[in-house]
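Residue numbers (this note's numbering), protein chains in the order written: chain A, 1 to 357; chain B, 1 to 291.
Read the hints as simulated data drawn from the structure, not as lab findings.
Be careful, since some hints might not be right.
A few chain B residues that don't get close to chain A, going by computed Cβ distances all over 10 angstroms [said to hold, decoys possible]:
#	residue
1	F55
2	I59
3	F86
4	Y121
5	T128
6	G151
7	L179
8	V183
9	D190
10	M243
11	W255
Okay, the calculated bits of chain B under chain A, using three or more residues with CB under 8 angstroms as the criterion [to be verified]:
#	segment
12	13-23
13	201-213
As a list, the in silico DSSO-like pairs of lysine-lysine whose alpha-carbon atoms are at most 30 angstroms apart [stated by the list, open to error]:
#	chain 1	residue 1	chain 2	residue 2
14	A	K351	A	K161
15	B	K290	A	K161
16	A	K351	B	K290
Every residue, glycine too, gets a C-beta built ideally from N, C-alpha and C.
So the chains spell out like this:
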Amino acid sequence: MTQTPVTTATVAAARPATWWTPRWSNWRLALVVAAVVLPASALTLPVNAAFWLSLAAATLVAVTAVVDAWGRRRGPLLVAPALALLFVTNLFPLMWSLGLSFFRYRANRGAAPVFAGFANYQTVFASPIVWDRLQTTALVVILTVGTQMIVGFLLALLFEKEFPGRRVLLMLVLTPMMLSYVAIGAFFRYYYEPTFGLLSQAVRVFTGRPFILLDTPARALAGIIVADAWMWSPFVMLLVLSGLVSVPAYLYEAAEVDRASWWRRFWTITFPYIRSLLLLALLFRTIEAFKIFDVVFLLTEGGPGTSTETIGVYVYRLAFQYFRTGESTALAYILLFIVVVLTNLYLYFVKQRSAEA
Amino acid sequence: MAKGYRARGVRQGGWGRTGLAAVVSVAYFFPVLWIILTAFKTHNDALATPPKFLFHPTIENFIAVFRRSYIKGFEAVDTGFALFFFNSIFVSASSVVIALAIGTLAAYGFSRFPLRGNDTYLFIILTTRMLPPIVVIIPIFLMFRVAGLSGGYAGVMLLYTAFNLPFAIWMMKSFFDELSGDVEDAARVDGSSETRVFSRVALPQVRAGLAATAVFGLILTWNEFLFALLLTGVGTRTVPVAMAQTIGGDIGVRWGLLAAIETLFLVPVIVVSFLLQHQLLRGVTFGTIKR
């Protein structure tokens, strides 16, 4: 990309240097020093002093590595802090839980983990509960993403043209997706409330009886889907809208000259511009809906019974209420695999789209 | 905005379209609007059947959130939400600042000095953000328990920094990618050091992007629930957790008070997302889709 400027570090590297030359850029020497200091201090010194000495040695290695890389390897140096932090807070825990998924372990007991091979995975795959929760999740995903795609698309058509007050009205529609799941859950709990809730009161006008939405499985599911679809339809709308406004005006003008029907104009002019965005919206929402946790947790807590318990809520229960830690990590890894595949697919289409443009 | 859109072919609709859109938008926004209205009602008005659309607005609910405690039995109980709001602000602001500093450097690196396997790194980074939070939280919960990090500010701040970092990297990379490198190369030819090129040439050009990323990060952290639920203690609880715990509790049956808390929680988000309208698409897709 850019020519590497000549700095002291590059000059120093050009000179023949042996590994024992004491220099700030000599990370090999620092590594050797650390390798000697760490075990020696741990064996001879009290714990406190050993800790600080080891820390100093580790810092020395880090500093020399940075000095060595300065000027020559700018890319790695710039991304190193971010990667280190992500390693500590994400990748390392994930590797740890991968290990844990092969052990019989309960986090609320004192007993040490016992190696169990693939037993946890066998339990998870054989468990009818897991399949049932996966089916519930699939149902939620299909219904909520389907609703979002349709509602989002119709909303986008409404806002496709420029009109007075468009900016403000658009923002009213876009607001729900910026809000917190907790707030949405609390809203809809309030609206679904049997005595004072708006929905119950509206139904009572017709039937004369209070309406308890969340007391049968099908209606509870509908309640969750309405809340989630209300929240995320604007997302689909935003993506579709950006496709709609990118259609060059002259195409429509030409179609008008040819007196093409609305339907034909849509399929031959508009649709090619929004096709890739529809696909991306579908994938993105599927990934997100698959993870659905907060709304269910707050609105129905999986009830009535376990009829609306999605896989996300089930993993939460398994890990933090039943404390079957080993099993929960095995199940979590299966979810992780699914999401990684979907994310890969999503990024593939993102790339394809930017290549087309 | 209007001008740019028209050039790209947004056709004109008249006031008729405005009328239709207004009806649909207000209906769509109604659940939020109703909560905000409820926040200004007295306890009796909030529970009135049929629901009251016309009422005398009162701000007693807002005062009760912070100042006057509400009465439970014969006892006056504090809602405690002053602390929870402080926690939310403190934790989100500090984690966003740290994540933005580290993330911007990384994004500049990924954009300008690609590594071998650049795309793989970026994919892994995005994946950590796309994973179900429940998958990540199980081992973190266990580790934080061992390290003594759960319950305090440090643990949740560390985790939120990591939570914001992938987002900050992808967003800022998408902004850096849009800049042409010519200006930076010109500065290099004129003898600027690399540090100077970054701080004086590249960074000022993405100022708007930095602001957008910061605000999006703030909103995401402000709204986050599961991590906070599992990692905050009594004194470090954030608003979403506290709000979820009111459901079914004493405050939960006081719709007016709950609505006031929700309003205070939502209004900042609504205001800043209005200001961010142009960057919304990029923000909600983690910078993967720009237009």
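Here is what the structure says about each hint:
{"no.": "1", "hint": "F55", "verdict": "holds (15 angstroms)"}
{"no.": "2", "hint": "I59", "verdict": "holds (20 angstroms)"}
{"no.": "3", "hint": "F86", "verdict": "holds (17 angstroms)"}
{"no.": "4", "hint": "Y121", "verdict": "violated (7 angstroms)"}
{"no.": "5", "hint": "T128", "verdict": "violated (4 angstroms)"}
{"no.": "6", "hint": "G151", "verdict": "holds (15 angstroms)"}
{"no.": "7", "hint": "L179", "verdict": "holds (13 angstroms)"}
{"no.": "8", "hint": "V183", "verdict": "holds (13 angstroms)"}
{"no.": "9", "hint": "D190", "verdict": "holds (13 angstroms)"}
{"no.": "10", "hint": "M243", "verdict": "violated (5 angstroms)"}
{"no.": "11", "hint": "W255", "verdict": "violated (6 angstroms)"}
{"no.": "12", "hint": "13-23", "verdict": "holds (count 8)"}
{"no.": "13", "hint": "201-213", "verdict": "violated (count 0)"}
{"no.": "14", "hint": "K351(A) / K161(A)", "verdict": "holds (29 angstroms)"}
{"no.": "15", "hint": "K290(B) / K161(A)", "verdict": "holds (21 angstroms)"}
{"no.": "16", "hint": "K351(A) / K290(B)", "verdict": "holds (12 angstroms)"}
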